[in-house]
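Q: Given next are the chains, with one letter for each unit.
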Amino acid sequence: MTKELEQKFAKELEQHQNIIHKVCRSYTNNEAAHKDLFQEITIQLWKAYPKFRGESKFSTWMYRVAFNTAISLFRKSKRNVETTQIYDNLKELEYHDYDDSGDKQLKLLYEAIYSLNDIEKALALMYLEDKSYKEISKTLGISEVNARVKMNRTKTKLKNILNP
Amino acid sequence: MENLENLKDLWKNQEDSKIRYTQDDISQMVQKKSSSIVKWILIISLLEFILPNLLFVFTDFDATKQFYEQYGLSNSMMIYSAIHLIVIVGFIYVFYKNYKNISSESTVKNLLGNILKTRRTVKNYIYYNLTIMGIIGINIFYSVYSSTEFQTTLAEGTSMLKIWVISIILLSLALFIFWVFYRIIYGFFLKKLKKNYAALSHQGEL
Chain A
37 MTKELEQKFA KELEQHQNII HKVCRSYTNN EAAHKDLFQE ITIQLWKAYP KFRGESKFST
97 WMYRVAFNTA ISLFRKSKRN VETTQIYDNL KELEYHDYDD SGDKQLKLLY EAIYSLNDIE
157 KALALMYLED KSYKEISKTL GISEVNARVK MNRTKTKLKN ILNP
Chain B
-15 MENLENLKDL WKNQEDSKIR YTQDDISQMV QKKSSSIVKW ILIISLLEFI LPNLLFVFTD
45 FDATKQFYEQ YGLSNSMMIY SAIHLIVIVG FIYVFYKNYK NISSESTVKN LLGNILKTRR
105 TVKNYIYYNL TIMGIIGINI FYSVYSSTEF QTTLAEGTSM LKIWVISIIL LSLALFIFWV
165 FYRIIYGFFL KKLKKNYAAL SHQGEL
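In order, the protein sequences belong to chains A and B. Just so we're aligned, residue 37 is where the first sequence starts under this note's numbering, counting upward by one. Just so we're aligned, residue -15 is where the second sequence starts under this note's numbering, counting upward by one.
Errors might be hidden in some of the hints.
No more than 27 Å apart at the CA atoms, straight line, and that leaves these computed lysine-lysine pairs for DSS-like [stated by the list, open to error]:
#1 K39(A) - K112(A)
#2 K140(A) - K17(B)
#3 K(-4)(B) - K58(A)
#4 K170(A) - K93(A)
#5 K193(A) - K176(B)
#6 K174(A) - K23(B)
#7 K157(A) - K140(A)
#8 K83(A) - K101(B)
#9 K(-8)(B) - K84(B)
#10 K17(B) - K167(A)
#11 K167(A) - K157(A)
Covered by chain B, per the in silico footprint, the following chain A stretches (three or more residues, Cβ under 8 Å) [what the hints assert, rightly or not]:
#12 143 to 157
#13 174 to 182
These are calculated hints, taken from the structure and not from any lab test. Note that CB positions come from ideal geometry on N, CA and C, so glycine has one too.
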């Protein structure tokens, strides 16, 4: 692969890196694991980049590879704390904390997403990103009807976690 | 779901991540080696293909040949070897074909399905190996125990049934250890994938 292609890839990824950071923050619970996952997603994106023909938006394509890496390909390191531990921490926070500031709310939201299972995390992220059911079904590889059913369950679960 | 709708604004208006990478950082990252689960599955699978056959390399060929001739096992062992070779080539071909289908650009369900399918090939290969080892083991026991050489070495009154039972137990135990060892490796790598695949299927509960 040429240097030129690498530069083009690095430039596009630098511009769109927030998408990957959102995925990393949702699937990991510490900075080291976040960085490990970011690196693995970047490697997977780079490996697939020569085949990317621009049929879908760069960001849509990135989402798909990022979810695939987080859900299927990434081997969590021991640095990742157990999910239950995070969930317990989340429960300790009082509900009124939720309205304090945007930052705190966002932190709580990320912690709530982290407590979901891998597929639910993807559904929650795509819901928050306002993705259509068509795109969700295409990303996950399930029917739109199934996507709706699973999305409703995920939303209820997320709501229950945020409003215990 | 009113609260969740409000969260969409919070999500969209979030600041850029505190961790930021420059183009140079990204260029450096792409030079690094992947540590994906698929890479590990490939390494483990290839080892599983090679290891059972590697045992033969450390075998004393002359002694084995002599042993087979002594108990009239030469022909059947030749047939087993020929079948084994064809089966291995077949398994490696199917494994390679499945492995090539693994793509990070597939849908999540397809990717999970393809990884599991690739591993299923290795699983069947392991089961095939255990079966053939069992068959060959019994074949060898039978040939040895029914030979006059063996019969003459037996002390008077020794029960052949007892010898057979002990042999079968030992053989089953050896195969069981192989199987447990394999299940541990299999479970270690695939637990998460199987769970996620089930969650995406119709029956899967989220």
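Q: Now tell me, hint by hint, if it's right for this structure.
A: Going through the hints against the structure:
1. Proposed proximity of K39(A) and K112(A) is contradicted: the alpha carbons are some 31 Å apart, above 27 Å.
2. Our distance criterion of 27 Å between C-alpha atoms is broken by K140(A) and K17(B), whose separation comes to about 36 Å.
3. Between K(-4)(B) and K58(A) the CA atoms are separated by roughly 11 Å; this keeps the pair inside 27 Å, and the hint holds.
4. The straight-line distance between the Cα atoms of K170(A) and K93(A) is roughly 15 Å, inside the 27 Å bound, and the hint therefore holds.
5. The hinted pair formed by K193(A) and K176(B) meets the criterion: a straight-line CA distance of about 20 Å does not exceed 27 Å.
6. Taking the CA atoms of K174(A) and K23(B), the gap is about 25 Å. The hint holds against a cut of 27 Å.
7. With a C-alpha separation of about 19 Å, the suggested pairing of K157(A) with K140(A) holds against the 27 Å cut-off.
8. For the suggested pair K83(A) and K101(B), the alpha carbons sit about 22 Å apart, so the restraint of at most 27 Å is met.
9. For the suggested pair K(-8)(B) and K84(B), the alpha carbons sit about 39 Å apart, so the restraint of at most 27 Å is broken.
10. Only pairs whose Cα atoms come within 27 Å are accepted, and K17(B) paired with K167(A) is rejected, the gap being roughly 32 Å.
11. Taking the CA atoms of K167(A) and K157(A), the gap is about 14 Å. The hint holds against a cut of 27 Å.
12. Coverage of the region 143 to 157 of chain A by chain B holds. Counting CB-CB distances below 8 Å, 5 residues qualify, and the rule asks for three or more.
13. Given as covered by chain B, the region 174 to 182 of chain A passes the check, having 6 residues with a CB less than 8 Å from a CB of that chain where 3 are the minimum.
Hint compliance for this structure: hints 1, 2, 9, 10 are broken, all remaining hints hold.
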